[in-house]
Every structure is written in C-alpha cells, then in structure tokens.
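Engineer: These are the residues of each chain, in order.
Protein chains: 4
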Amino acid sequence: MGMVGGGPGSFIGAIHFNGAVLDGQIDLVCGAFSSDPEKSQDTGRLYYLPDDRVYGSYEEMIEKEKALPEGERMDFLCIATPNHVHFGPAKLALENGFHVVSDKPLTFTTEEAEELTSLVEKTGLIFALTHAYTGYPMVKEAREIIHQGALGKIRKIVSEYPQGWLSEPIERENQTQAGWRTDPSRSGKSGCMGDIGTHALNLAEYVTGLKVTELCADLSTMVEGRPLDDDGNVLVHYDNGARGIIYASQISAGEENGLRIRVYGEKGGIEWVQAEPNRLEVKWNDKPMEIRKPANSYLSVLSQYNSRMPPGHPEGLIEAFANIYRNVATCIQCRINGTKPPPEALDFPGVKDGLRGMKFIDKLIESGQSDQKWIKF
Amino acid sequence: MGMVGGGPGSFIGAIHFNGAVLDGQIDLVCGAFSSDPEKSQDTGRLYYLPDDRVYGSYEEMIEKEKALPEGERMDFLCIATPNHVHFGPAKLALENGFHVVSDKPLTFTTEEAEELTSLVEKTGLIFALTHAYTGYPMVKEAREIIHQGALGKIRKIVSEYPQGWLSEPIERENQTQAGWRTDPSRSGKSGCMGDIGTHALNLAEYVTGLKVTELCADLSTMVEGRPLDDDGNVLVHYDNGARGIIYASQISAGEENGLRIRVYGEKGGIEWVQAEPNRLEVKWNDKPMEIRKPANSYLSVLSQYNSRMPPGHPEGLIEAFANIYRNVATCIQCRINGTKPPPEALDFPGVKDGLRGMKFIDKLIESGQSDQKWIKF
Amino acid sequence: MGMVGGGPGSFIGAIHFNGAVLDGQIDLVCGAFSSDPEKSQDTGRLYYLPDDRVYGSYEEMIEKEKALPEGERMDFLCIATPNHVHFGPAKLALENGFHVVSDKPLTFTTEEAEELTSLVEKTGLIFALTHAYTGYPMVKEAREIIHQGALGKIRKIVSEYPQGWLSEPIERENQTQAGWRTDPSRSGKSGCMGDIGTHALNLAEYVTGLKVTELCADLSTMVEGRPLDDDGNVLVHYDNGARGIIYASQISAGEENGLRIRVYGEKGGIEWVQAEPNRLEVKWNDKPMEIRKPANSYLSVLSQYNSRMPPGHPEGLIEAFANIYRNVATCIQCRINGTKPPPEALDFPGVKDGLRGMKFIDKLIESGQSDQKWIKF
Amino acid sequence: MGMVGGGPGSFIGAIHFNGAVLDGQIDLVCGAFSSDPEKSQDTGRLYYLPDDRVYGSYEEMIEKEKALPEGERMDFLCIATPNHVHFGPAKLALENGFHVVSDKPLTFTTEEAEELTSLVEKTGLIFALTHAYTGYPMVKEAREIIHQGALGKIRKIVSEYPQGWLSEPIERENQTQAGWRTDPSRSGKSGCMGDIGTHALNLAEYVTGLKVTELCADLSTMVEGRPLDDDGNVLVHYDNGARGIIYASQISAGEENGLRIRVYGEKGGIEWVQAEPNRLEVKWNDKPMEIRKPANSYLSVLSQYNSRMPPGHPEGLIEAFANIYRNVATCIQCRINGTKPPPEALDFPGVKDGLRGMKFIDKLIESGQSDQKWIKF
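Residue numbers (numbering that gives the first Met the number 0), protein chains in the order written: chain A, 0 to 376; chain B, 0 to 376; chain C, 0 to 376; chain D, 0 to 376.
Think of the hints as simulated: they come from the structure by calculation, not from any bench.
Do not take every clue at face value.
[Unchecked claim] Below 30 Å or equal to it, Euclidean Cα-Cα: the simulated DSSO-like pairs (lysine-lysine) are:
no.	chain 1	residue 1	chain 2	residue 2
1	C	152	D	188
2	C	351	A	266
3	B	266	A	358
4	D	372	C	188
5	C	375	D	362
6	A	210	B	372
7	A	152	A	266
8	D	375	B	286
9	A	188	B	266
10	C	362	D	188
11	C	286	A	152
12	A	372	B	286
13	C	339	C	351
14	B	358	A	372
15	D	63	C	372
16	A	286	C	188
17	C	152	A	266
18	D	152	C	375
19	C	372	D	188
Please read all numbers here as calculations on a predicted model, not as lab measurements.
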C-alpha cells in the first residue's frame, strides 16, 4: 500500500501502518507523508522506504505509482490525513484505479461524500473506511447475536463516546491533535460529534442493523472560545421503532476513550465497552448474565474469523484496524486471483457508512440549531 | 414508629422495617399494614406486635395512637403503601402531630404534593422521603467532592436507571409489583419515569447541588397495550449551564437496578453505580483514576458518618435506608431532648425533593407529548 | 437475646446487634457489655435497655436471666467478646440452658473447644458460630452448584484472605482492634491465621463440602517485634484428592477485606469475592462465563432463601450475619413451637466448625515450626 | 529476521511474526518453518517469501543465510519451535554470529541452558527470550513503582497463572498444542510448571527485582494418565526476606490465561491481571486505590516508552511481543550504527532469565518429590 499523511506528529498514521502490516499480507511500499517534502522523506526513512518511493504530494505519488509496472506499484492507497485532506486523495486514487482505505470522516463536506460514493459505485473499486471499532471480535459477536434474533426485536440502544482530553483549551498550546480537531477549516462543521459522535452512530447501526430515522440534538461548546462543539447529546429513533440515545463528549474530564454500547431487545441485552474490548456482556431477564470472550468455540463464525490468537490472549485496537486491513487485502487478493472472497472478509465499513456519517453531522448541526424537536434523518 | 402499608406481597414495607430497626434507635410499635383487617393482623403478628396496636386503617391508627400517652404512642409514621395512598396518611399524620417517613413518590398528584409541602412547612414536623439511593456513603462522598469544588465547575451529568423486569407484560399475570406500577389509577400519570426516573433526577440534583431548568423528553411504551410509559430518554439543562441526560427504562432486558451517575467538571469526573455501591470512581485527566471505598479515613466527614463498619465490609440498600432512618431518629431525639442535631443528620431527602419529583413527572409528560424542543422546568 | 461484650470500641458487637434485629425476629433484651459496670450501663442505654437488664458480668447476667420467667428472659446468648472470653460465657450459658451465638474463634484453646463441643452435644442446645461470610446468598449458591455436581469432581481450591490494616505496628498506638488481635494473651497462639485464616478454611470447606487432610504452612511475622504471625501461606490437600492453597495476610498493604475463593472441578469453576458479594462467577471451558446475582429465580432454593429483596438490591455483611441469626431464630422458634425447621434454616456454622478452626490453628503453628513438609490434619 | 518453527498448527509462530513486524523495523526474510520441506514452503508462501529463502532445516538456513552478503542476510534468528528444538538452532545461530530471539523455555535441559548462557556471554550477541508478559506497559509501570521504592520494602508476592484448557485429556484427541505440551520427550521434565509456571516466576522477579531463594512445591497431575504435572502450588522465599506464593494450573476449568500478580510492600501494593492488561491497580492503606492506564503522562518513562498509542487505545499481547522485538531491533540497529541504545531499549528478558527458568523447573521437580520442606534455589 501507499500512505498519504501519517507524517511527524500524526498518531493515526502509525496505527494504520501497524494494522496494515500486522498480518503479513500488506507492505508499505510508498508514501506522501507530509506536504513538506523533507518531513515526508524523514518519515519514509523511518519505514525503510527507498527515497524514490517517498513523494512530496499525493498527486505526485498517484501519478508516479500508476506509471510503475503492476505488481510493483502500490495496490491501494491508505489515507491518514486530517479531515479536509480526505477527499482529494481518495478521489484521485479512485480515478486512477487504486483501491482506498481511508480514515474517517469520509470527507470534509457532504457534497464531497456524495461524489465519492458515486465514484466508488462507478469504478467498482474497494473502499474501506476505518470505523475501526467495528473490527473488534466482540463487536462482531454482538452483531451476530442480534442478527440471529437472540435478543428479539430491538427496543432500546444507548451508544456513547465520552472523552476528556479537550476539557481544557489545549488547542491554544500547540497540541497538534487538538489543533486541527477544533479548527473548522480542517475538521469540518462539527468538532466532537464529527470526530467521535460518528463512531457512536456507526457502532449502533452496525451492531443492530437498524438505521436512525429522526433525531433531536443538544450540542454544546463547553470550553469558552472554542469554535466547534465539544459535547453533544442526541435522542434518536430507529427504523424499527426502537429508541435510544447517542452521545459523545470531549469534555468529560477523566474519560479516555469511553466508547460503550448497550442494546436491549425483547428478550435480552448486550453491553460492550471499548476500554475492555475482549469481553461482551450478554444479559437476560431469566438467566445469568454471560461474559463472552474472543476466540472461543462458542462464538459466531464472524467473531472467530476476527481473532488471531487462542482464547485468553488480549487483542487491542491495532488488531481491530488489522481486521479491516486483512479483509481489504483478502478482497484485493481475490480480485487479482479471480476468486470469491469468503463472506466474512466482506464485513468492513465502506463508503456508504462514510456518507451516512457526513449526513449525520449535517442533521446534528441542523437539529442543534433548531427549536423543532425532531429532525428527519 | 408505626407503619401504614407493607402487608403481604409488599417488598418495600420489609425494607422500610429492616432499615428502621437496624441501628437500634427505632422500634415498630404499631401498624395498619393492609386495608383488610385480617391481613393487617397477620402482618402484625410477623412483627410480634400486640393485637391492639394493629389497625385496620391508617385513620384508625392515627386516631388511636394519638390517644396514647406520649412515650408510648408512635413517634412517627412510616408510609409504605402504593403511590395513590401516600397523600392521605401523610396529611393525616402531619395534622395530628406525627412526623412522617414516606416512600416516594411524594403523592399521586402535584396538587397533593403542594398541599403536603405547605403542611410540612406549617407544622414544622420532620418529613423524610426515601429516595434511599442518596443514603449510600459513596453517594455522599460524590456530593462532598463536588461541593468542595474538586471537579471545578460542573459541565455534564449523565444519570440513568435501566431495569429490565417489565420487558414482558407480566402485569397481566397477576404480578403484584408490576400490577400497580403499570396502572394509572394506582401509579399516577407516569409509569417508568415516575417510578425510577425520579430517582435518577433526585440523584443528579443531590450529588451536584444543581437544578434542572429545562428538558426535552422522549417517553415510550414499548410493551404493547401498557397504559403508561416504560422507557424514557431526556435531555436536560441545569441552572449553572451544565447539560446532560436523564434516562430510565423498565424494558432494558437483563438489567436489574442499573442506576448509575456520571458527573464531569472542568477538572475531573465521578462515576457511581448502584449495583456496586461500595466504590466511587474519581477520574482525572492528568492523574490516575481513584477508587474510593466506604469508611476510610480519607473520606469526607459526611461519607464516614454514613458507614457503620470499618473499611472492607460491604453495606447495601438496607443500610442506605437505615441511614435515612437513623438521621430522622436522631433529629426526632434531638427535638425531644431540646438539642441541636449534628449537621450530618440533617442530610436526608424531604418534602421539597418530593414536590420536585412530582413536577418533574408533569414536565416529562408535557414534553413527551409536545413538538416543542425545550420545556421549562 | 442477651449480649456479652460489644461495649465501647467494639465493632463486632454492633454488627451482631444489626444482624440480629434486622429481620424483626430478635430483640436485644439484656447485656453484659463490659467488665466495667459503668461502661456496660452506657452501652445498655444506647440500646434503650432498662438498667436492671444491664449487667456487670456474664455470670451475673446468666444467673439473673435464668431466674426470670420463661418468655421474659433472654432466649439465647450472643458472645461478642475478644477471643479469650468466648469459652467462659459459652460454657456457662449452655450449662444453664441457653442457646448460644458466638463470634469466632470458638475458644482460646483447643481443649476448651473440645469441651464446648461435648457440651453442645450433651445439652442438645443450638450453637451458632458467626463465620458470617458463609451467610452470603452467592456463597450459598456456590455451595449448591458444587454439591449438585455441576463442576464435576473438585480438583483445585484457592481460598485467600488478604488484609492490609496491620502493615504498620498500630497496636503500639492504642488501636483497640489491633491491640488484642496481636496480643497472644487475648488472641491466642496465632494472630492473622487465627483471626482470618480460619475464615478462609471455613469458606473452602463449606463451599466444597471437602475437608483438608494435610497441610504445609509458612507463617511469618513481617512487622518487627509483633509476637504473632501477620501473614501465612499454606499448601493443602483435601480428602477427595483435591489440592489447593489457603492464605491470609494482615500486611498486604492496600487490601481491605480481600476474602476470595476459587474452586475448580473437572467441568468448570467458580469465583467469589467478598468485596463484591452480590456476584458469583461461574466459569466453563466450553461456554461463556456466567455471572449469577442474588434473588434471581434461576438460583438454588438455598440461595434464594438467604436474600430478602428482589434482584438488583445489594445486600452486605450485616445481611450475611442476619442470615445466621434468622436461621437460629427460626430453629429456636420451631423448638418452642415443637415444629421442624425448614432444611434451609439448619444451614449455619456451628460448634464443629469452630472446633475444626481451633485444630487448624494448632496444625498451622505446628507446621510453621516444622521442617517436615506435610502435617496431617 | 529468519524464523525457525512456526509452521502449520503453530500459533506462537504467528504471534512472533505479528510482534516482529508490527512496528516496521523488522521484516521476515527467510524461514525454516517445518522439518517437512513442503510444509515449510507452504508457510513461506503465506509470508510471501521467495522460495529460495525458505529452508528445510535450521541448519540449512543458518548456513545459507551466512553465505549471503551482509545487509541481505537475516540479522537475527527467531525460534518458535517446540521446547526440545530451542537449543539446537539457538546454539548454531550464535556460533554463526546471528543474534537470537527465542521462545521460552530457553532449552530442553539445564545443561543446554548453561551452555547457551556461556555462549551468549562469549559471543556478546544479543539474546532475547520472549517472556512476553513483561513487555506490557503496565507491568513496566509496576516494576518502576517498586524500584523507585514507592511501596517500601517488599513483603509479599502472589504470582499465579491458572488456565483450564487441559482439564480434559485433549492431548489424546490429536490437539497439537496439547500434544507436545504433555509429552516429556518434547516438553521437558515439567508440563504446566515449565510451560506457564516459569512465566509466573519471571513476572514476579522482573516486577520486584527480587530473587527466589528457596521453595516448597506441591506438583500434581490431575488428569489421569498424563505423564507430566498439570497443576502446581509453590511456597517461596525471596532474597530480601519477602515471602509468597507461585502457582500455575492447566486444569483450572474455565480460566483462559489468568496470569495475575500482586505485590505488597510496607506502604502499598500493586495488582495486575493479564486478561485486562491495560490497567494497573495501586493500593494504599491510607489513600484511595489508583488505577493507572497506559500512555498517560503520569507514568514512568519506561512504561510510556512501551506504548505506541495515546491513552484509551487498548494494546494486547501482540504489542507486548512487539515491545521485545522493537527493543531487540533497536539494539541491533545501534550496534550496526555504532551508537548506544537508550536504556529503555535494554529492558527485555534474556538468556539469564531463561537459565533461571530452567533451574526453577529442576528445583520444582526436586521439591515436588521430596519430603523436605524447603529446597534452596
């Protein structure tokens, strides 16, 4: 693969790299890590890339890689740039026949997201969006439990993502991550909700298979002077009649990455917490609560497919990323080989999840500014 | 004390009894346990009461007890009846000079609640409402941490109370508890929110010292045919600018009594969970999370006052009830002795908390039926 | 009941009282709370006892109570004194026809324990020893799971009780509890192992129904100058071939009451932790772990018998004590009525458990001083 | 690197690979994955290796790789074979100038271990042994807390490793992992204690910096007919006077990889559990318990050095392996560059840890068969 972004100060670039190479199916062969060519070369050296495969821009990279012989050029592009530089490289890559794995959000604007969605459909290329939390084996298990109907009809969903790291205005102290995330010109029209609220939505919809149909949002900016929301609480209705709450926060002081989902059906419920990803609580009214753990033979095929070690060996977020990459690599390999990938390998978030996330942000902003209770989604 | 209610099939009556007698300051001396005189006598016998102190109605009890010499008659009335029979005995007791400890909600209607509030003010008698969750030592500690400013200005509060026991229409199977709780003629205008949503409100306001000023509610009835709400999600604004969520549910299958509160300020946060009441998480952005546990010397005076054993000896809900009763008993004793109770003994929920709960229910119902986003409270 | 001990500075006296009165079957009617008659009267007043039922010695109490008419005199004696004053009152009470509930250990010496055991057998009176941890409903459930064979043959048992409160020589600072517990003339020949190691043994034997047959002990005194052990690690063999570890410590700094038991059979295992008594982990090799919680209908009859509230209402150590007292009261009541108590009511620790604890201490001391690996028990 | 072992059916080979490549410093360039040349080639293809770098034996690989030009040949050998094939490749690699990363145990016999230790000393080559649990950032933090004296003098250590997967004789059902682990000709003289008991020892000694000086072991074979121990309980004394317990089990049904360590000093204690590796409990007698989590600025330099993501992003066992590999790679790189590695990079288990593990096994077996209580170590 080739990478755009991921230069000095990026942490998400490193995670993409770690996840991509973990299973030995993917090599990083080129990169445009920074718009500053020196910095790009510095990063390239860290990855032991030859100088001539390190580029000063994604345009250059795509052009030059395309000119290389098949088998030598990159097979797909990994996008690990800030939000406002997702669309450009994605579009150009697709137009030049490269598959794409992009960090979320899909794009900077919904118009771009729609254009990209069309382009993916038109080209038929593989497009993965790293809503990586859905890559965890116990999230897969939750999905399978629900899809198989074990909980009965779903009635209530609480999906939340509290963080605390933006409790103080650290963006004014040159903190790189905080800087672009609170800057509308690089992050987009939403801060907290765009950054992590979309994860909470994606997780809820992935796990349940349901879609939010209307919402009522209360967005706040708790740190004075910050131009974007840093907290948001949302009431939601789902397409089967279920109701719920989605909330995200970056001013919940003391929380690290408190992504948590609870889903309740007529017969039982599930609870999963990202900070302890290797356990899934399954709750019943008339039976003891179960704690399911990865890689056990009692799990669904889909869940087992996404573990790489026997039970009792903790896997983390890099492995969740790696599950997306492994699936993408498998799909690309199958295309090259002309074979059909196993159904489990098709289970990764794509361009439509990304478009949905962009529209969710639009609706949240609209609702947050409206006196009307319910906004259709 | 004398008890009204608490006859066969009541579980709350027994908890009131357990909590009242635990510390040896209170004896049950009389009761009107059931409107059926035989059942009342049967229950009286379980408590080893003499027949002539067991009554067929609260009216009879109050009249006859009042006629007994001071020191022999009951000092206060405990009300453990269903919701629609809270007001009557409370009013009569106050009018006849008896202090009152009542189960929540305060009354059946807000008008009654207002009348009772006036009556308490007028008579100057002691009135305690058993929002017992605020009796736990770690809830007291949470309150003190916040009141002393350790978390800085409060910004976000999530107070939730999921239960699952009404996931199926068990009220149609003659389940006593489910029967009256889902019946508007005995429970009041709200089901779930009145029963347990008010606990979530009370806990949030008690712990933070803040007041909800406006709200936006989404109430549901998930079990078909049930005449009252069995789930509710509410966005709330507080009087200091903090925002939050209050939710309660009786159809969250697999949950027992999942009352949980999280409060975040500028500097840190706290989390407390009723199912494991003997631990309080205190979270910081720049320091390790702390787990505080009851009866330790590092706790606030208020928290220590509400433990009765050294560290490491779990206390439960009965002890939380007992803390209310012990405080009430201490206050009554001090009145008798003409002394001033210690400030810690004054810390129990009262008639104003009850009135607030009743108005909260009104506003929830109003908001639930409204297209307007925010309803003032 | 009448109480000996439990005067100022005693915490165990208060717990006995709380546990005894909680369920309304037992009243405290007299006491010899201290060998100092004034202190005894002071304590008596706290319990609202009439002066003439407060005594200056247990001898006086037993003599005078016996002289009272049946129905008025105490039904049984509760012993809440330091270890060296267990035997005297127990013996005298039994000899005068009173049932006994005693704190552990049974006596100061094994000879006394044997004498008491004979006396209980001879008199046929009820004798309960408050190894109260076995009163928790989830401990009962663990026992039932194992007795019903669900785990298969038991192979391994780890029973441990770490505390940290004696990490420093606080006995030299006039701390009452520490003072007598580290003083051989009041505590007996063992410190830590006698005080809490016996709980770990009792719990293991109660839950599994097995008996330790040989042991290998490593006892230590970690705080310099302390005359008794403050830490002990023991290898044990059980009568069915199972093996295990029993350990206790009072110098495990930072631990409160870390009593924990894990039992493994051929098919599965259980784990229970006193600090969170309302959950029992049941683990399987080929199925998800189960978390069982009190009062649920899926539990054994014995476990349900020992809860007093519906699921989700935490109970603590006082309730565990109360379960012993309720059972004793039920058995006494049945004797008075000439009826047969339900089998569940017979499930409380007795004089034989106490004798076994005393012999365990002997064997531990013997093993601790021996170069021989295994000592028969 | 080159790999020996790790062919079909090996799970540890894959973990070594994942850990080695994760951070982009190491490539797999050659392998002798199986003694069956076809299987070796099959595995090589999974790793996209050219056929001429896949060998039929480690002897062939070492010979041919040595003949390649520097920069092209492997820099070090990774050993992922069963226990009885650790020594051969390690010795040959060292003799031919290759650094080594080996799975544990170090060798099959103590004599081999001693020979290897001498060889490492003589050649000065880098040798790492993958006691990977010490690679977790929170284990590093525990070590630093203790080394900096925050707990005071260490008094008690409980290190345990229960598993349940060998509760039934699955080695008779052709389960590969179970097969060689219960076979003395491939596993060595100990089963459970050699396999995982050595991890418990290594963890205890690593975290505390103390050494076990004498021990008393009770080894069992619970599954009938199994030729090696499947459970072991050991009392241990440390060189500073501390005492403790080490135990391991493969018949603790329902446990996955329950490695847990608790260390208590005069002032406080720590507890770490492998199944939830991203939290470290630090307990105090007079302050609230702390929960420390990876990557936070309040952690020691050593701990922070071993995280690769910001707080709140769970890392697992592969990352712990990767920390060893990253350190080894850094050290090799520094040798090549003629620079000095940072002190944090030197912190990985080596040949002396391996020798110590082998001697521990010897002493356990000796003690297990002896009537003498204490065996010097």
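Engineer: The structure should be examined with respect to each hint, and the outcome stated for every one.
Structural biologist: Evaluated hints:
1. 152(C) <-> 188(D): With Cα atoms ~27 Å apart, residue 152(C) and residue 188(D) stay inside 30 Å; holds.
2. 351(C) <-> 266(A): Given pair residue 351(C), residue 266(A) is violated - Cα atoms ~47 Å apart, limit 30 Å.
3. 266(B) <-> 358(A): Not OK: residue 266(B) and residue 358(A) at ~33 Å, beyond 30 Å, violated.
4. 372(D) <-> 188(C): holds, 22 Å
5. 375(C) <-> 362(D): holds, 24 Å
6. 210(A) <-> 372(B): holds, 22 Å
7. 152(A) <-> 266(A): OK: residue 152(A) and residue 266(A) at ~8 Å, within 30 Å.
8. 375(D) <-> 286(B): Roughly 43 Å separates the two Cα atoms, so the pair is violated.
9. 188(A) <-> 266(B): Holds - the C-alpha atoms of residue 266(B) and residue 188(A) are around 27 Å apart, at most 30 Å.
10. 362(C) <-> 188(D): Distance of about 33 Å is beyond 30 Å: violated.
11. 286(C) <-> 152(A): holds, 25 Å
12. 372(A) <-> 286(B): violated, 40 Å
13. 339(C) <-> 351(C): Judged against 30 Å, a Cα distance of about 22 Å means the pair holds.
14. 358(B) <-> 372(A): holds, 21 Å
15. 63(D) <-> 372(C): Violated, at about 55 Å.
16. 286(A) <-> 188(C): violated, 47 Å
17. 152(C) <-> 266(A): Cα-Cα ~34 Å, so violated.
18. 152(D) <-> 375(C): violated, 35 Å
19. 372(C) <-> 188(D): Holds, at about 22 Å.
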